[in-house]
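Peer 1: In the order they appear, the protein sequences are chains R and E.
Those letters in the first sequence? Residues 1 to 353, by this note's numbering.
Those letters in the second sequence? Residues 1 to 353, by this note's numbering.
Since the hints were derived computationally from the structure, they do not count as laboratory data.
The list treats identical chains as interchangeable, and a pair is accepted whether it falls inside one copy or across any two copies.
EDC-like, lysine to aspartate or glutamate: derived pairs with alpha carbons at most 16 Å apart:
1. Lys-22 to Asp-63
2. Lys-25 to Glu-339
3. Lys-3 to Asp-230
4. Lys-24 to Asp-313
5. Lys-139 to Glu-168
6. Lys-24 to Asp-59
7. Lys-22 to Asp-59
8. Lys-3 to Asp-175
9. Lys-126 to Glu-101
10. Lys-3 to Glu-101
11. Lys-348 to Asp-313
12. Lys-3 to Glu-227
Protein chains: 2
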Amino acid sequence: MSKFWNELVQKLDPYVPGEQPKDKKYVKLNTNENPYPPSPKVVKAIKQAVNEQLRLYPDPNADELRKTAAEHFQLDPEQIFVGNGSDEVLAFSFMSFFSAENPVAFADITYSFYKVYANLCSLSPKIIPLNEDFSLPVKAFCEPNGGVVIPNPNAPTGRGVSLSEVKEILEANKDHVVIIDEAYIDFGGESVIPFINDYPNLLVIRTLSKYSSLAGIRVGYALGQKELIDGLNRVKNSFNSYTIDRLALAGAKAAIDDDAYYQEMAKKIVTTREQTIERLQNIGFTVVPSQSNFIFASHTEVDAEVIFHELRDHGVLVRYFNQPRISNHLRITIGTDEEMDKLIDALKLILKK
Amino acid sequence: MSKFWNELVQKLDPYVPGEQPKDKKYVKLNTNENPYPPSPKVVKAIKQAVNEQLRLYPDPNADELRKTAAEHFQLDPEQIFVGNGSDEVLAFSFMSFFSAENPVAFADITYSFYKVYANLCSLSPKIIPLNEDFSLPVKAFCEPNGGVVIPNPNAPTGRGVSLSEVKEILEANKDHVVIIDEAYIDFGGESVIPFINDYPNLLVIRTLSKYSSLAGIRVGYALGQKELIDGLNRVKNSFNSYTIDRLALAGAKAAIDDDAYYQEMAKKIVTTREQTIERLQNIGFTVVPSQSNFIFASHTEVDAEVIFHELRDHGVLVRYFNQPRISNHLRITIGTDEEMDKLIDALKLILKK
Numbered sequence: 001m002s003k004f005w006n007e008l009v010q011k012l013d014p015y016v017p018g019e020q021p022k023d024k025k026y027v028k029l030n031t032n033e034n035p036y037p038p039s040p041k042v043v044k045a046i047k048q049a050v051n052e053q054l055r056l057y058p059d060p061n062a063d064e065l066r067k068t069a070a071e072h073f074q075l076d077p078e079q080i081f082v083g084n085g086s087d088e089v090l091a092f093s094f095m096s097f098f099s100a101e102n103p104v105a106f107a108d109i110t111y112s113f114y115k116v117y118a119n120l121c122s123l124s125p126k127i128i129p130l131n132e133d134f135s136l137p138v139k140a141f142c143e144p145n146g147g148v149v150i151p152n153p154n155a156p157t158g159r160g161v162s163l164s165e166v167k168e169i170l171e172a173n174k175d176h177v178v179i180i181d182e183a184y185i186d187f188g189g190e191s192v193i194p195f196i197n198d199y200p201n202l203l204v205i206r207t208l209s210k211y212s213s214l215a216g217i218r219v220g221y222a223l224g225q226k227e228l229i230d231g232l233n234r235v236k237n238s239f240n241s242y243t244i245d246r247l248a249l250a251g252a253k254a255a256i257d258d259d260a261y262y263q264e265m266a267k268k269i270v271t272t273r274e275q276t277i278e279r280l281q282n283i284g285f286t287v288v289p290s291q292s293n294f295i296f297a298s299h300t301e302v303d304a305e306v307i308f309h310e311l312r313d314h315g316v317l318v319r320y321f322n323q324p325r326i327s328n329h330l331r332i333t334i335g336t337d338e339e340m341d342k343l344i345d346a347l348k349l350i351l352k353k
Numbered sequence: 001m002s003k004f005w006n007e008l009v010q011k012l013d014p015y016v017p018g019e020q021p022k023d024k025k026y027v028k029l030n031t032n033e034n035p036y037p038p039s040p041k042v043v044k045a046i047k048q049a050v051n052e053q054l055r056l057y058p059d060p061n062a063d064e065l066r067k068t069a070a071e072h073f074q075l076d077p078e079q080i081f082v083g084n085g086s087d088e089v090l091a092f093s094f095m096s097f098f099s100a101e102n103p104v105a106f107a108d109i110t111y112s113f114y115k116v117y118a119n120l121c122s123l124s125p126k127i128i129p130l131n132e133d134f135s136l137p138v139k140a141f142c143e144p145n146g147g148v149v150i151p152n153p154n155a156p157t158g159r160g161v162s163l164s165e166v167k168e169i170l171e172a173n174k175d176h177v178v179i180i181d182e183a184y185i186d187f188g189g190e191s192v193i194p195f196i197n198d199y200p201n202l203l204v205i206r207t208l209s210k211y212s213s214l215a216g217i218r219v220g221y222a223l224g225q226k227e228l229i230d231g232l233n234r235v236k237n238s239f240n241s242y243t244i245d246r247l248a249l250a251g252a253k254a255a256i257d258d259d260a261y262y263q264e265m266a267k268k269i270v271t272t273r274e275q276t277i278e279r280l281q282n283i284g285f286t287v288v289p290s291q292s293n294f295i296f297a298s299h300t301e302v303d304a305e306v307i308f309h310e311l312r313d314h315g316v317l318v319r320y321f322n323q324p325r326i327s328n329h330l331r332i333t334i335g336t337d338e339e340m341d342k343l344i345d346a347l348k349l350i351l352k353k
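With the sequences and hints as input, model every part of the structure.
Peer 2: Okay, here's the thing in structure tokens:
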């Protein structure tokens, strides 16, 4: 605490990201990064952009990238907003569309940054408990809300929501913005992007950090009707004109252009995921059905926290959340087959199987 | 306007950055970019970082970069905060240290983003008119304020403030944060960084966009005592964990390490600036004394707005602000000697000299 901090800073409860270890080399299954490298075309495009032009500001409106994304998603460039990672896009969205008088709704078990954004924006959110099996209580999200935020699939559970469920929520919340956070959609979920032209209240948020193997360059975007995008631009341009650097712009454009490469990688991850689920079940784990590049698992006999620490000692990092209802679960990112072998070997040692 | 925008978004008045033209090639003297390329060592360091590791998140705490900057400025790494350009650092500072009850003070003629930040944070700033010659009315900044923001040298005037003047303001505002925005300090100003250990209320803000020729990669930082830096980190970690990408981290570190290169470039810019001032005076301009990489000039006979538009037609972009007190001035970035020749040639044609 400091006398120089204003009231806002004093009451904040910042997000704590998954560990980025520096002490030794781990099998890193704790921050849902893609185990495969970015497309060679992306690497080439970024390298080409490393030149004398770096002395110049980037395009503050990311016109070329938005044009490429618009073609890819069959939208208009004015329906696309680009930010410095989807976390920034989410922060701007909370700043733009929700208000203290009318609580925004999200689940009790979901991306834990939502609560942090609500705090940053002095909002008291309406926290809706997920069902026992971590599925979404759709009816509760259809009651009067001041906005809705749902990741599809959800994090950290990996469970998806169906298109008809999202539609029901969109229909019931016509006067407020419904954010569908599709950070992990490309690993088996169904995107609601085709609903955008029918629902002015729908904002879809995406990231290049997972599917596109580009967590290192920070690009996320929001897709929605023009008036929502205009709102985001008003906040962004009151905060920082140039949020995306020249290299990130070049890499992101190349990534969208080389979707074929990423589809292949996503297929491999899904195959590894299904094999890993079976292997975990064979050694006593219960696994939540996943449409994501991670799985959420709980052991029938040994505490998640114990396994978490022992895995770390064995050189394997996974994510453990010491929170009500999920304190006996581990979130495990899907790595390469080789990394999953190491995970399973370590687990067998720990569980003496 | 949209029914989905909250009250904040509706009342915002976003910043408008200088034009990044796409229609043709201009002599671009409108956004204070450095005319010289980044150091070859910087380009090399960034190229080396374009690799498979881009699939992984960057270090959210920028530890290595902060360590390098700390050594350079003879501070502790805990006294350094890194952001996605100094605009982001300024936004976080406004969010952290100022409050509506106690107005933050800044000049009427200054970096126009300050007013935008104040608006974003729902603050009513205390606007202090500069003296007639655009020098800082130091006494007015020593009255009771809820914080102070001063660029040194000022933008868009280029005028500097002396160390003793800053000290006076720091002494008079011991209970509130005094931000000295040193974006342009390396072109002839005197930095207040040596005051940091004596003044817990001092926050110095820097950028790599100007002196380091890296506007294209977006890195800025704040330097101050640990409790101020902690406050900024609380806001940043409630907004976006990973604000600086891997390539920007690598480039920024290399830029700080190769200061000798940049000192040379800054010297060239200062020489060109002094020559340009003389040449402008010879064709009827009055020029504000500049410690920056730009100059603020007014013609004795022809309106600035007329010159601005005609320069554009001649392929030369400068910055014109249609604002009280400065609507007859032009802000002209110092380019290469060749670019300045083109500026002067165009001006001679326009002014028929």
